[in-house]
Each structure stands twice: as C-alpha cells, then as structure tokens.
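Colleague: So the protein lines, in turn, are chains U and A.
Numbered by this note's numbering, the letters in the first sequence go through residues 273 to 513 in order.
Numbered by this note's numbering, the letters in the second sequence go through residues 55 to 471 in order.
The set of hints was computed from the structure by calculation and includes no laboratory data.
The reader is advised that the hints may include incorrect statements.
Using 20 Å as the maximum straight-line C-alpha spacing, the simulated DMTMM-like pairs for lysine to aspartate or glutamate come out as follows [what the hints assert, rightly or not]:
1. U:Lys362 to A:Glu269
2. A:Lys178 to A:Asp151
3. U:Lys363 to A:Glu65
Short derived list, chain A residues pointing at chain U, Cβ under 7 Å [claimed, not checked]:
4. Ser56
5. Lys57
6. Glu65
7. Tyr89
8. Ile272
9. Val278
10. Ile280
11. Asn384
Keep in mind it's a predicted model, so treat the numbers as computed, not measured.
Where is the CB? At the ideal position from N, CA and C, for every residue including glycine.
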Amino acid sequence: MPEKKNIISVRNFRIGFGGKTVIKNLSFDVKQGEIFGLLGSNGCGKTTTIRALLGIYPAERGELLINGEPFTPGKGIKVGYLPEERGLYKKESVIDVMNYFGKLRGLKQPKRWSLNYLKRVGLEDHAKTRVDRLSQGQQQKVQLGITIMNDPDILILDEPTKGFDPVNRRLLLEIIDELHQRGTTIIMITHYMDEVEKLCDRILLLKDGTAYAYGTVSEVRRKHRFKSLDQIFVDIYGAKE
Amino acid sequence: MSKVGQVVKFEVVRSLKKPSFWIAAILVPIAFAIYILICATLGYNTGTSLESGSAVDGLKLAYVDEANYLKDNTFTNEAQNEQTLAKYEKLDVALNDLKQGKLNVLYHIPEDFKDSGQVNIYTKNEKNSVLDDYKAPIAALLTASAKSNVYEIDYKIISEEINYNTTAFASDNHVIDQKELISKIIPPAACLALFYILMVVLGNRLAMAVTEEKENRISELLLVSIKPISLIVGKIISLMLVGIIQLIILLIPVGALYILASNQGMIPQEFSFDLDPTRVILSALVLIASYLIFTAVSVLCGALVSTAKEASNFTGIIVFIMIIPLLLLNIFLDNSNPTLCTVLSYFPISAPMALMLRAIFDNITNIELIIGIIDLTVVSALIIRLATYIFCKNAVDFSVKKNFKNLLGKPRKSWKD
Chain U
273 MPEKKNIISV RNFRIGFGGK TVIKNLSFDV KQGEIFGLLG SNGCGKTTTI RALLGIYPAE
333 RGELLINGEP FTPGKGIKVG YLPEERGLYK KESVIDVMNY FGKLRGLKQP KRWSLNYLKR
393 VGLEDHAKTR VDRLSQGQQQ KVQLGITIMN DPDILILDEP TKGFDPVNRR LLLEIIDELH
453 QRGTTIIMIT HYMDEVEKLC DRILLLKDGT AYAYGTVSEV RRKHRFKSLD QIFVDIYGAK
513 E
Chain A
55 MSKVGQVVKF EVVRSLKKPS FWIAAILVPI AFAIYILICA TLGYNTGTSL ESGSAVDGLK
115 LAYVDEANYL KDNTFTNEAQ NEQTLAKYEK LDVALNDLKQ GKLNVLYHIP EDFKDSGQVN
175 IYTKNEKNSV LDDYKAPIAA LLTASAKSNV YEIDYKIISE EINYNTTAFA SDNHVIDQKE
235 LISKIIPPAA CLALFYILMV VLGNRLAMAV TEEKENRISE LLLVSIKPIS LIVGKIISLM
295 LVGIIQLIIL LIPVGALYIL ASNQGMIPQE FSFDLDPTRV ILSALVLIAS YLIFTAVSVL
355 CGALVSTAKE ASNFTGIIVF IMIIPLLLLN IFLDNSNPTL CTVLSYFPIS APMALMLRAI
415 FDNITNIELI IGIIDLTVVS ALIIRLATYI FCKNAVDFSV KKNFKNLLGK PRKSWKD
C-alpha cells in the first residue's frame, strides 16, 4: 500500500509571547485522510500551533504548510476549523449566521445546506431563532455546522466535545466519522484520551514546547510499556498538573 | 458576489434590521423638528404683531387708560377684521365687568405708564392657559399712538426699522451679491450639519464595528473564511452605506417639504438661491472624505481594543479632537490666525470641520479644498491598512489590556496582499 502524502507539514516551528517561548522547535506531518490527535496539557501550545498553521499567529521561525503552501483563506485546499474560543453573532438568527458563513466559504446554496443540517441535528424549528436564545449545546451544533459546511478537505477541531452532553457528543463523533470515511483529514485537540484511542490514527504529545511523543497510537503505547494513553498522559504531566 | 460584497450585504442588512438604527434615524430629525418648533413657539409668544399671540377675534376687549396715552382704540385683528376696545374710565368697574364675564380681556394703562412702561392685562376665559397671550392688541394700539407722538423717522430709528444697504467689494473690486454670498455658505454649512449628525448618530456603531467579532469570539471562525483586509474593507463600506442611508432618511422629508413649499409659493424670494455646482460637489466630497476618515479612525479604535466600551471611550476622544475647530470658531470667522487654520485643515482628525468652516466663511480656495479631500482620502486608506494589521494582531487576543509593542510586531506572510 503506497505511503499517504503529507497534507500538513510543520518544520522547525518556534513561537513565543511576551518574551516566553511557547513552542521551541516543533516538526511534524499530518497525512492525508488520517485522524491526527494533538495532545498535551493546558497551555502547552496546541491551540497556538493550530493558530500559527492557519496564519492567525505569525511564527517566529519555521515553516507551517498546508498542501505545500501557507494557508490563505479561500485559496487552495478547503479547511474547516472549530476553534476552542467559540462564538457566533448573538443577535442574528441561526439561518442568517449560517447563510453568511456559507457564502464566505463559497457555498452555492448555503441556505439549503444549512436547513438540511439543522434538520439532521434536530434544530429545524430554530432556524429563525436568535442565536442568543439557543442553549449552549444548540449553539455548539450550529458552530459545528459552520465548521463543516464547506465540505472541508482538512477539519481541525479544538476540543470539539468540550461542554457537549453525551447525546451531542455521540452526534459529533458520528459526523467526524462520516467525514473521515469520505477522506477528510482530521486534526483533533482533546483531553479525552478515550476519544483519542478510539478515533486517532496518529498522535503528537506536546511537552515543554517540543514533541514528546509522536507516532501511531500503538507506537506511542508500545514505547510506554503498553499503558493506556490516559495513564501515559498522567505519567508525563501528572507531577506538574 | 465577492467576499467584501458578502460582508457589506450582511452588515448593512443587520444594521437596518436593528430597531436602534431606526429609532436613531427617526429621532434625530424629530429632535430637530422639536427644536425648531420650540424656537418658533418662543418667537410666537414674544411677538407683538397681531399675527402673533392668542386669537382675539370675537373676544370682548376693553381698556382703562389712566395715562391718557392711547390716540385710538380700533385695530385690525388676526382675522383682518376691525375690532374696537371698549373704554372704561374706572378700573374697578371694568374689573367687575370682567369678573362677571361681560369682558374677556381688559388692558389697564396706569397713570405712571410714561415712567414705568407697565401695562396690566386681565383676562377671563372658559379655559385659561399658560399659552394665553393677549398683549398684541394693546401693543398695536400703543405703537400707533407712539408713531403719532413723534416724527416717522424718529419712530423708525427708535424701533430699529431703518434699512441699511451695504455694498461690499470683492478683492477684484466686483460688487458682492448678498445672495451669492449666502448661496456659497449653504453647501458647506449643510455638509457640516450632516457630518455632525452622522458623528452623533453613528459614532458608537462605528466604534463597535470590529469589537463585536472579538467580544463574541467570532474572529477565528471568520479569519479562516476571509482575509482580514476584505473583512475590514467590507465593514467600512457597510458603515459608509449605513451613513448614506441615514442621510437619505434625513434629507427626504426636508427635500419634500422644500419642494412642497416652493410649489405653494411659500418660500420668500430672498430664500431661493442658485447654488454653485462646484461648491456643492466639493462640499459633498469633503463630507464623504470626512465620514470616511471618521469611519476609518473608529474602526482603528475598535481594532486596538477588546471591548465595545473601550472602543466608545476612544471614539469619544476622537470626536472631541474632531470638533476642536468648532471651539475655535472665531479664528475661522475672521481668519485671524491663517497658520493655525491651515494646520487644522490638513491635520487629518481636525481637517473635516476645519475645511467645512473655512468653506462656510469663504476663507479657502477650491484648490485647497481639493488638497484637503485628497489628504483625508489618502490618510483614511493608510488608517484602514493599519486597522487591518492591528486587527490581525489581536483578533484572537481576548484579554482586555493591550501591549503596543506586541501590536506592532511582525506581520504574517499569508495574509499579505
């Protein structure tokens, strides 16, 4: 079986804020079609790495490429991003917000797509409801819809299940699985190791601004005497956390 | 439609959907109308002609003239009917008749009237109101009596009815027409008023234009969908359009009233002017450039800070700097300090008001106005670039305090145009 191509390449990446280096020297690749877990304790630089990859933060040094070039919105490969800091236009209706983002992402019929999605996630009656009148879980469903509405080639999810109830969590994992089946490359930042073991093909464990562990889930587990990822995480960060 | 177009459409539509926009848009003209009405009412109450004051046609009027000043007791009332005041010799008898309802208004000119200048008015009606004002008839009779006591010219001098004809020569010695002078003032004065209204009505909205994305944590979702420059330009265009819509809402009733009044012949000859098209176009361009720089500076404030409240504080400072020329009105009026006037005209934040004031007082040439418009437009473009750059720097920095050193750090490569 031929080796899958690297759709994301990060080389010698360094970034810091206010004189403090967050990522020292990070290199990794994400292969096309895989589910990649970006793991680490709070504040270790996972979100910063993703923001730098998407051009939101400028790298101090190194190269962060998506499909061979720096990310530019609307150009080249389609990226869906569900950020950790999630928000929507609170005073607008659900359908207006989804329609707006759909148009920005180049959808031809964003309204139709949005209505179908809302029906799927059980929000069809809330299409015209103002966003701030939805519950937190309902808002998260809308945010997820906006993230995947352009049928992304790469889906980046920053703590996607944070705050989800079990029903919504299952729905989200279903959608992730569905996209994965269709060939979408997925990068997940999460603290739930059961999700990682169940979903991820390969993982990167960040510690002190460098890659502490990098490889397939089984490779990482083998290196740590076949302990569970949960136990490995506790072993690595336990003393500090 | 381009992404900029999508941002413009989304922002304009949601601005127009907000009740606060319509409340502000309609309240400002109403507030102006109320102001004009109050001024008119005050004038109405203090007038002395028979056209002003409460209607007296059909009322029973009388007077007691202890000073023997009045020469006549008949006047023409507001309905253009001759009306005569009944004469009473004794005040107590007249007051008695008033109290019994035989009279509606009684005027008492006391014996010491020539020294005190005092006239007493007594009224009795079914409904007395604070707006009742019955001094017009007695004022008319007193005026007529005063006229007969002195030479006509003495009366005109005292009552300031002398016509002073002034002939002013321009620098090239041609005689300046007063109407021409006023027609030159109208376009910049109207633009100054409109700009002021835009600042008052839309100032806060402009400041909040880019803080909303930060406050509501939408920036990251947006920044993977659209380039920051497209987002900022789209926001600015939408804010300009909202301002134009605001002006149209303001100008339509004014224009309609003017046309209606013109067609009805209600506008006196001296109030109809032939406006100089060059002046009108230049004033309109100054207004557009002024609103552009106000928008750009407001967006820059929004990009610098994290919350709408902070942005409002910044905008308050900007508005204060913008109205500094108004506070220095005298130097524009008499052009006593041409250097300061010129500096204020080309310093971008004070330039809008300074250019308009100099145009109103005719202290500026068309070439200088054009330079001012170019200055405002170029600086606005630079400010928009700076606002975009700063927005990129702190779009996802949700902390309140900003570090200016960090804000001016290295730009990212992928968003460069």
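Colleague: Does A:Asn384 pass the interface hint, meaning its C-beta sits closer than 7 Å to a C-beta of chain U?
Modeller: Violated: closest Cβ of chain U sits about 46 Å from A:Asn384, beyond 7 Å.
Colleague: Do the alpha carbons of U:Lys362 and A:Glu269 lie within 20 Å of each other, as the hint requires?
Modeller: Between U:Lys362 and A:Glu269 the Cα gap is close to 11 Å, so the pair holds against 20 Å.
Colleague: So if I understand the rule, the pair passes when the alpha-carbon distance is 20 Å or less; does A:Lys178 with A:Asp151 pass?
Modeller: With a Cα-Cα distance of about 10 Å, the restraint between A:Lys178 and A:Asp151 holds, given a limit of 20 Å.
Colleague: Have a go at the A:Lys57 hint: is there a Cβ in chain U nearer than 7 Å to its own Cβ?
Modeller: Given a least distance of 6 Å, the restraint on A:Lys57 holds.
Colleague: Between U:Lys363 and A:Glu65, is the straight-line Cα distance small enough, at 20 Å or below?
Modeller: holds (12 Å)
Colleague: Less than 7 Å between beta-carbons is the criterion; does A:Val278 satisfy it with respect to chain U?
Modeller: holds (5 Å)
Colleague: Quick check on the hint: A:Glu65 CB to chain U CB, less than 7 Å?
Modeller: violated (10 Å)
Colleague: Tell me if the interface restraint on A:Ser56 is satisfied: Cβ within less than 7 Å of some Cβ in chain U.
Modeller: violated (10 Å)
Colleague: Against chain U, is A:Ile280 within 7 Å by beta-carbon distance?
Modeller: holds (5 Å)
Colleague: Under 7 Å, Cβ to Cβ, is where A:Tyr89 needs to be relative to chain U, so tell me if that hint holds or is violated.
Modeller: violated (32 Å)
Colleague: Should the hint that A:Ile272 touches chain U count as held when the rule is a Cβ pair under 7 Å?
Modeller: Since the shortest Cβ distance to chain U is 5 Å, the answer is holds.
Checked against the numbered hints listed earlier, the structure breaks hints 4, 6, 7, 11; every other hint is satisfied.
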